[in-house]
Every structure is written in C-alpha cells, then in structure tokens.
Amino acid sequence: DAGITQSPRHKVTETGTPVTLRCHQTENHRYMYWYRQDPGHGLRLIHYSYGVKDTDKGEVSDGYSVSRSKTEDFLLTLESATSSQTSVYFCAISQTNTEAFFGQGTRLTVV
Amino acid sequence: KQEVTQIPAALSVPEGENLVLNCSFTDSAIYNLQWFRQDPGKGLTSLLLIQSSQREQTSGRLNASLDKSSGRSTLYIAASQPGDSATYLCAVRANYGQNFVFGPGTRLSVLP
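Here the protein sequences come in this chain order: A and B. The working numbering applies: residue 628 is where the first sequence begins, and numbers increase by one. The working numbering applies: residue 13 is where the second sequence begins, and numbers increase by one.
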C-alpha cells in the first residue's frame with residue numbers, strides 16, 4: 628500500500644470552530660489532493676497541490692483552505708466549521724500521469 | 013466540464029457470474045482512466061489504470077477496456093466471488109490540472 632496517512636481518522640467538532648486535517652505521504656509524489664465524499668454527490672475535489680506551496684481550488688473549495696510547506700504534508704483547514712462540512716474527507720497522491728492512491732479517510736462531524 | 017457516469021448504479025448477482033460495469037465520460041481529452049473499489053467505511057483501492065493510449069488492462073480476474081473516442085470504459089469481472097462485493101468507482105484524469113473526476117459508482121453485491 629502507498630504510504631499515505633490521514634489524521635485524525637475521526638473528529639467531532641462544534642459549529643464555528645477551526646479544524647485542520649492532515650495528510651502525510653512517504654512516497655515523494657508531486658500531486659496531493661483533498662476530496663470529500665457525500666451520499667448522492669460522490670467524490671468531489673476540494674483543493675489540490677502540484678508542488679510545495681503550489682495549490683489550486685477544486686469544485687467545492689468555498690470554506691476550505693490548504694497549505695503545503697513540505698512535499699510530504701498537505702493540510703486542509705476549515706476556518707469556521709459548518710454542518711454542511713460534515714463529510715468523509717479523503718487525501719490522495721499521484722505522480723504525473725500515474726495512478727492515484729488514497730488514504731483511509733477522515734470522518735468529520737460538525738455539530 | 014468533465015462529467016462521469018456509471019451504469020448500473022447497483023447490481024446483485026449470484027456467485028460465479030461474469031459481469032460488466034460501465035463508465036462513461038463526456039470529454040475525451042483525458043490522460044488516463046482508473047478503476048477503484050471501495051468497501052463500506054474504507055478508503056479507495058486502486059484496481060486498474062488505463063493510459064489514454066491503451067485499449068485495455070488486465071489484473072487477475074479483472075479486465076478494463078477504454079474507448080476514448082466514444083467516452084467509454086468497461087470493467088469486466090470474471091467468475092465473481094462474494095469478496096468482490098463493494099462499490100466500484102471509475103475516475104478520469106483530465107489533461108489539464110491533473111485532477112481526477114469521479115463517477116458515482118456501482119454498488120456490487122455477489123451472493124453466495
């Protein structure tokens with residue numbers, strides 16, 4: 628299995644609080660992605676990174692920010708969590724034109 | 013905007029049957045297409061990757077084909093087993109931005 632670790636694996640937080648999810652890889656892959664998975668919507672891209680300090684928005688980026696200060700770490704921050712951000716979050720990694728590998732996911736509940 | 017669909021949404025078959033899952037995409041300008049399986053409450057496991065220049069890929073009982081011009085891919089599973097029960101997702105990688113666009117998945121149940 629590709630070396631991808633997401634933390635935490637589960638989190639319950641209150642509306643309005645900031646939350647940071649971490650994705651750590653040991654594969655030295657260039658691309659890193661954050662997706663969310665929701666019933667009826669499937670997997671949707673939030674943000675992605677194509678190198679250290681190089682990031683771009685996906686289709687559902689509102690309310691989320693990301694940072695990548697090192698090749699191996701990609702952080703997803705919810706500045707002020709809302710109930711609509713309750714979801715399962717997946718991190719993925721890839722090299723150019725190669726297959727993507729996914730982490731085990733973080734289940735986030737905003738109450 | 014790339015859109016990916018999968019048919020059927022759900023499928024239930026008896027053990028031992030051969031089956032075909034379908035994936036369609038609207039924009040043929042892709043780098044590759046990847047098939048995944050997802051077990052309940054788990055992450056995605058990569059099954060097969062087909063580059064845009066390839067027509068098919070095989071891994072064990074799985075065979076995936078790609079017809080880029082018509083925007084279609086199929087995943088063929090031979091001699092299905094109860095352990096194959098999962099949701100199968102296809103994803104296309106656009107040749108801009110290197111992002112993956114996913115289909116909604118096919119939920120497969122293989123009955124003993």
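Think of the hints as simulated: they come from the structure by calculation, not from any bench. For clarity, every value in this text was computed on a predicted model and none was experimentally measured. Possibly wrong hints are sitting among the right ones.
What the hints assert, rightly or not - Chain B stretches covered by chain A per the calculated footprint, using a threshold of three residues with CB under 8 angstroms from any CB of chain A:
#	region
1	28 to 36
2	51 to 57
3	69 to 76
4	81 to 92
As the list claims (entries may be wrong) - Quick list of simulated restraints, FRET-style, between CB atoms:
#	chain 1	residue 1	chain 2	residue 2	range
5	A	E706	B	S65	19 to 25 angstroms
6	B	T38	A	R636	33 to 39 angstroms
7	A	E706	B	V32	40 to 46 angstroms
8	A	R636	B	P20	40 to 46 angstroms
9	A	Q731	B	N75	23 to 29 angstroms
Note that CB positions come from ideal geometry on N, CA and C, so glycine has one too.
Against the structure, the hints:
no.	hint	verdict
1	28 to 36	violated (count 0)
2	51 to 57	holds (count 4)
3	69 to 76	violated (count 0)
4	81 to 92	violated (count 0)
5	A/E706 / B/S65: 19 to 25 angstroms	violated, 43 angstroms
6	B/T38 / A/R636: 33 to 39 angstroms	holds, 35 angstroms
7	A/E706 / B/V32: 40 to 46 angstroms	holds, 45 angstroms
8	A/R636 / B/P20: 40 to 46 angstroms	violated, 32 angstroms
9	A/Q731 / B/N75: 23 to 29 angstroms	holds, 27 angstroms
Checked against the numbered hints listed earlier, the structure breaks hints 1, 3, 4, 5, 8; every other hint is satisfied.
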